Structure formats: C-alpha cells, structure tokens
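*Asks:* Here are the chains, one letter per residue:
2 protein chains.
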Amino acid sequence: MTGMRPAEIRVSEIFGPTIQGEGALTGLPTVFVRTGGCDYRCSWCDSLHAVDSAYRDEWRALTVEEVWSEVTRLSGGVPVMVSLSGGNPAIQPLGELIARGHREGYRFALETQGSVARDWFADLDMLVLSPKPPSSGMETEWDDFDACLRSSRGKPQTALKIVVFDDADYAYARAAAARHPQLPVYLQPGNHTPPPPDDDDAPIDIDGVMERMRWLVDRVIADKWFEVRVLPQLHVLIWGNRRGV
Amino acid sequence: MTGMRPAEIRVSEIFGPTIQGEGALTGLPTVFVRTGGCDYRCSWCDSLHAVDSAYRDEWRALTVEEVWSEVTRLSGGVPVMVSLSGGNPAIQPLGELIARGHREGYRFALETQGSVARDWFADLDMLVLSPKPPSSGMETEWDDFDACLRSSRGKPQTALKIVVFDDADYAYARAAAARHPQLPVYLQPGNHTPPPPDDDDAPIDIDGVMERMRWLVDRVIADKWFEVRVLPQLHVLIWGNRRGV
Ligand code: SF4
Ligand code: SF4
Chain A
65 MTGMRPAEIR
75 VSEIFGPTIQ
85 GEGALTGLPT
95 VFVRTGGCDY
105 RCSWCDSLHA
115 VDSAYRDEWR
125 ALTVEEVWSE
135 VTRLSGGVPV
145 MVSLSGGNPA
155 IQPLGELIAR
165 GHREGYRFAL
175 ETQGSVARDW
185 FADLDMLVLS
195 PKPPSSGMET
205 EWDDFDACLR
215 SSRGKPQTAL
225 KIVVFDDADY
235 AYARAAAARH
245 PQLPVYLQPG
255 NHTPPPPDDD
265 DAPIDIDGVM
275 ERMRWLVDRV
285 IADKWFEVRV
295 LPQLHVLIWG
305 NRRGV
Chain R
65 MTGMRPAEIR
75 VSEIFGPTIQ
85 GEGALTGLPT
95 VFVRTGGCDY
105 RCSWCDSLHA
115 VDSAYRDEWR
125 ALTVEEVWSE
135 VTRLSGGVPV
145 MVSLSGGNPA
155 IQPLGELIAR
165 GHREGYRFAL
175 ETQGSVARDW
185 FADLDMLVLS
195 PKPPSSGMET
205 EWDDFDACLR
215 SSRGKPQTAL
225 KIVVFDDADY
235 AYARAAAARH
245 PQLPVYLQPG
255 NHTPPPPDDD
265 DAPIDIDGVM
275 ERMRWLVDRV
285 IADKWFEVRV
295 LPQLHVLIWG
305 NRRGV
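Protein sequence lines correspond, in order, to chains A and R. The working numbering puts the first sequence at residues 65 to 309. The working numbering puts the second sequence at residues 65 to 309.
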C-alpha cells in the first residue's frame, strides 16, 4: 500500500533538557516529551493541560521524525535521557520513536499509570509504573497493571512510583508494594496545590508538601519499611509550578 | 596474647533511621553511624562536631558489639541500610562491624573524601567517594584517591559525589569525572550556612541553596553534561540544619 500516513504522536509539549524531578532518575538531565490525552482523570492531576480535552487545540499530531527533530534540537544532538510522559503516553504509538532514538544513543524512560499495555514497553530503558491511589478518585485494574509488567518482559529497569496524600493512599502503596515484591518502590508526597493549567505562576504550598514529606518519612520509619525510597518532587521545590523548566 | 582489647571505633553519634539526604541513595531509610575525627578541615564542613577535636569529649570509643547493639536497637532488628560517615570513617576500624551486620542482612554504605584506603572497602555495599573541591581549602591527592578505588576491587557500587559552590568547584568536578569515566557522578550544591556545631537551630539559607541548585542545573545543561545527577541535600530542605533526624 502506498501513501499511508505514518502513525502520528499526539504531543502536548516537548521541553528540556532539565533535571528529572521524580523517582528513580531524580536529578538526571532529561528531555520531556509530554503526550496529550489520558484515560484517567485524577482529582489532583498536575498535568491537566495534557489531559483535559479543553486543551486539545494546543496539542499537535506529530510524526516520529518531527518529534525526533525537536528532541535532537533541544539536546544539541548529544544523547540524553528522554522521558515519555503525559497524560498517559501508553495510548500513543511510541515504539518507532524509541527505536529511532536508540539508534543515536538516546535512552528512554516512560511513566504510566499502568492501565494500557504495549509491546514496545520491552524496548524502554526505564519503565515507571505509577498506579493511582484512592485520593485520585481512580480505581486500579490490577489485571491491566500486570499486563503492563508482562509487556515489559523484564527488560527495562522497572519501578513503582506512588503518590501519597493520606493514610488510605499509604495503605494502598503498602499493598501495591506487597503485590510486587521484586520492584523498587518510590513514594512521593502529594502536592495539593497542583498548577491550574492556565496559570504558570500559581503559588504552590511548599510548606504543605514538606509537611506531608515529613509525615510520610515518619510513617515509613514507624513501619520499618526500609526498602522504600521517599522523594519529594524536586522540580516543584526548585521551580514551583512553573512549566517547561 | 590474652586480654587484648578489641579494636574500638570512635563514634560521634549514631542516629536514625531517617532517610538518606544525599547522593545515590537519597530517600532511602538509613541508620547513620557518624565516626569522630577527620584528616581534613574543609572550610564549609557541615559535621564539625564530628571533626573538631574541641568536641572530642562528646565522642565515644565503642566496641563493634556496642555499635552494633545501638544500630539494631534503632532499627528494631530489621535490616536497614547503615551509612558510615564522619568525619572520615576510613580512619576507623570498621571491617568487623560490616561483617557483623552482613550476617544479619544489613547493608553498608560508606562516604569518604578518598584520602585513606582500606581493604575492607571491598566489603561495602556502596562506596561514595567525595573528593573535596577548591572551595573547601583542601588539596586532593589523586594517588590516595586512586588507592581507595583500588581497595574496593570493583565490588561495592561506587559513586563520585562532589559539592559545588562556584565555577572553580564545577571545573574540578568536571575534571574528576573525566578522570573516572566509569563512575556515576552526583553533584550537590553547597550549603554556605552549615550548622555551627553548638546550635542545632541555626537558620539555614534555603533560598541560597536553591539558587545555587538552579545555577548548577543551568551549568550542567549548558555543558550538555547529560550523564550527571544534580541533587540538593534533601534533609536540609526537609529539616534545615537540625541534627539527628
Ligand atoms: S494518570 Fe496522570 S496524567 Fe492521567 S489524569 Fe492521572 S495524574 Fe493526570
Ligand atoms: S572531609 Fe568531610 S568531615 Fe572532614 S572536614 Fe571535610 S567536610 Fe568535614
């Protein structure tokens, strides 16, 4: 067949390099490809501009080559970690992009809630599964989550990352960790002042985040949960809610 | 020979578990064994109470069993990461303590400037070599540093961690990384308001630390140094200069 249009990737924004602010790769220079669209609607979503269809007209349908040329331009052609995030990046056709980048020495991390499995998860360098706790208002389908793990075929470095706001979230995190004893677990105190999508400069309650961080450390220590990592969102501490840094 | 007293470890403080605030293990629950005494005198040392001999009368000479019983008491007998720090912990006889803890499933990380090599570095789980940049007022003897690396015989996970205050420190970090291309590198913005040893509640210039953090991220990105990690001292952000948390 001729004239077939290549699969397009729905992109909300591409920015960086800046340092990764969350989880296992915290502190690592990273270019972010944030895709548009999500099958979830978490109450505290901090990426609504990449989720809510009200922002759909800001999203672009790009070919692999178009995405790739922005990534290489931003990184000056020097291989860097590329974070595929969203929204839920698993609903986009990203396999080809990963293959394209690997040929030039770039690495790829993907973060998803674990609701949609893809064969190309096995081609990632890092897979961050971030199931959403009760405070999100979402319900985890563990069968879908396990399908994501199976798709990765044990190839990428894989970690669980769970946002914790309260006791119920903490109990959820404990249970999720117990279901997956082989996975390293990262807990992240929730930010109850996520950025409104239209206001980059909305104030953030850093004291509240830090108080939740101290509470979370206390919980983990009291439970003698010594294999977990507790990390705040570093970019929020450094830059507040500002986007694109 | 009978009646030989077992080698004693000079201890400034044992505390925790709390989360590791620096480097590769940031966020991990850890018990800290801070030894007393150091062969360096860094201008910005943040552990003067474990360095300056004026505080020597607060240090205790403890046997392995005495240290071990404090560590197990603090961790409730549950295996946890133990950080051996100082001062310079390499000047203490720690080999037996490591063997003792390993038998019960504990893990050990040691952080040293890399001035004194020990055979038992090879028994660690993690070796953090933190050579001191020009702003410290110290001079790195790279032969001694390389002896530390050789002692470890490639066994523990090993990382470079370098504190950066200014351009000269940054250039030093670049050169140190280039000398050791096989080692992961962690850069840490310096804290120019380290705790005076007698005052737990001395205010800390968080804004200054964060400004240095942003500067450091900008430097790394501008240089396309994409393999490095830039991490602030997390415990300082969470608890300020308070000791023992
Ligand atoms: S899964 Fe992530 S992107 Fe989607 S709504 Fe929830 S927080 Fe937002
Ligand atoms: S090497 Fe470490 S403990 Fe020793 S003086 Fe320098 S900063 Fe302080």
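Do not rely on the hints blindly, as some may be mistaken.
Intra- or inter-copy, both count: the list cannot distinguish identical chains.
Here are the computed lysine to any residue pairs in the SDA-like style, where the Cα-Cα straight-line distance is at most 20 Å [said to hold, decoys possible]:
1. Lys219 - Leu112
2. Lys288 - Ala118
3. Lys288 - Ser133
4. Lys219 - Tyr236
5. Lys288 - His256
6. Lys288 - Asp231
7. Lys288 - Asp208
8. Lys219 - Ser199
9. Lys288 - Leu138
10. Lys219 - Asp183
11. Lys288 - Gly141
12. Lys288 - Pro220
13. Lys288 - Arg120
14. Lys288 - Tyr236
15. Lys288 - Ala232
16. Lys288 - Trp108
17. Lys288 - Asp230
No lab work stands behind these hints, which were simulated from the structure alone. From a predicted model like this one, the values you see are computed outputs, not experimental measurements.
*Asks:* Look at each hint and say if it fits the structure.
*Replies:* Checked hints:
1. For a Cα distance limit of 20 Å, the shortest separation of lysine 219 from leucine 112 qualifies neither inside one copy, at 31 Å, nor across copies, at 45 Å.
2. Taking the closest pair of Cα atoms, lysine 288 and alanine 118 never come within 20 Å of each other, the shortest separation being 44 Å inside a single copy and 36 Å across copies.
3. Taking the shortest Cα distances, lysine 288 and serine 133 sit within 20 Å of each other only across copies (17 Å), while inside one copy they are farther apart (47 Å).
4. Taking CA atoms no more than 20 Å apart as the test, lysine 219 paired with tyrosine 236 passes in neither setting, with 26 Å inside one copy and 36 Å between copies.
5. For a Cα distance limit of 20 Å, the shortest separation of lysine 288 from histidine 256 qualifies neither inside one copy, at 27 Å, nor across copies, at 34 Å.
6. Taking identical chains as interchangeable, the C-alpha atoms of lysine 288 and aspartate 231 lie at most 20 Å apart only when both belong to the same chain, with a minimum of 16 Å there against 42 Å between chains.
7. In this homomeric assembly, lysine 288 and aspartate 208 never come within 20 Å of each other (Cα to Cα): the closest approach is 30 Å inside a single copy and 38 Å across copies.
8. Proximity of lysine 219 and serine 199 under a CA criterion of 20 Å is satisfied in neither setting, with 31 Å inside one chain copy and 43 Å between copies.
9. In this homomeric assembly, lysine 288 and leucine 138 come within 20 Å of each other (Cα to Cα) only across copies, at 10 Å, whereas the closest approach inside a single copy is 43 Å.
10. Taking the shortest Cα distances, lysine 219 and aspartate 183 sit within 20 Å of each other inside one copy (11 Å), while across copies they are farther apart (35 Å).
11. Taking the shortest alpha-carbon separations for lysine 288 and glycine 141, only the inter-copy value of 10 Å comes in at or below 20 Å, while the best intra-copy value is 45 Å.
12. Proximity of lysine 288 and proline 220 under a CA criterion of 20 Å is satisfied in neither setting, with 29 Å inside one chain copy and 25 Å between copies.
13. Neither within a single protomer nor between protomers do lysine 288 and arginine 120 lie at most 20 Å apart by alpha-carbon distance, with minima of 45 Å and 33 Å respectively.
14. For a Cα distance limit of 20 Å, the shortest separation of lysine 288 from tyrosine 236 inside one copy, 17 Å, qualifies, whereas the shortest one across copies, 39 Å, does not.
15. Proximity of lysine 288 and alanine 232 under a CA criterion of 20 Å is satisfied intra-copy only: 18 Å inside one chain copy versus 42 Å between copies.
16. With identical chains, the CA atoms of lysine 288 and tryptophan 108 are never at most 20 Å apart, being 29 Å at best within one copy and 34 Å at best between copies.
17. For the homomeric pair lysine 288 and aspartate 230, the shortest alpha-carbon distance inside one copy (18 Å) is at most 20 Å, but the shortest distance between copies (39 Å) is not.
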